[in-house]
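S.K.: Sequence:
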Amino acid sequence: RRIFDYPPIPEWIAMNQIASIGAMIIGVSMVVFLINMIHSAGKGKPANPEDPFGVGGKYYYPFESKNPSH
Numbered sequence: 053r054r055i056f057d058y059p060p061i062p063e064w065i066a067m068n069q070i071a072s073i074g075a076m077i078i079g080v081s082m083v084v085f086l087i088n089m090i091h092s093a094g095k096g097k098p099a100n101p102e103d104p105f106g107v108g109g110k111y112y113y114p115f116e117s118k119n120p121s122h
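Residue numbers (our numbering): 53 to 122.
No lab work stands behind these hints: they were computed from the structure.
Glycine included, C-beta positions come from ideal geometry on N, C-alpha and C.
Distance windows between CB atoms, simulated:
no. : residue 1 : residue 2 : range
1   : 55        : 99        : 46 to 52 Å
2   : 100       : 72        : 40 to 46 Å
3   : 106       : 55        : 48 to 54 Å
4   : 88        : 68        : 27 to 33 Å
5   : 96        : 54        : 46 to 52 Å
6   : 100       : 59        : 58 to 64 Å
7   : 87        : 65        : 31 to 37 Å
8   : 79        : 58        : 18 to 24 Å
All chains should be built: construct the whole structure from the sequences, respecting the hints.
M.R.: Have a look at this one:
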């Protein structure tokens with residue numbers, strides 16, 4: 053099999069290393085995200101339908117909406 057190799061240009065080597073590190077960080081982050089999603093779906097506490105984020109009060113609409121008069 054043929055494997056492409058970059059020519060020994062220092063700028064390309066540095067960019068390739070940065071891209072490889074970024075790909076590893078994204079991969080590890082996705083694994084942590086999926087583990088958290090599976091754990092939360094299986095053993096997480098159910099959300100309160102009235103206040104799912106636990107901030108208290110009316111946070112969607114700070115005032116009562118009124119129908120406009122025509």
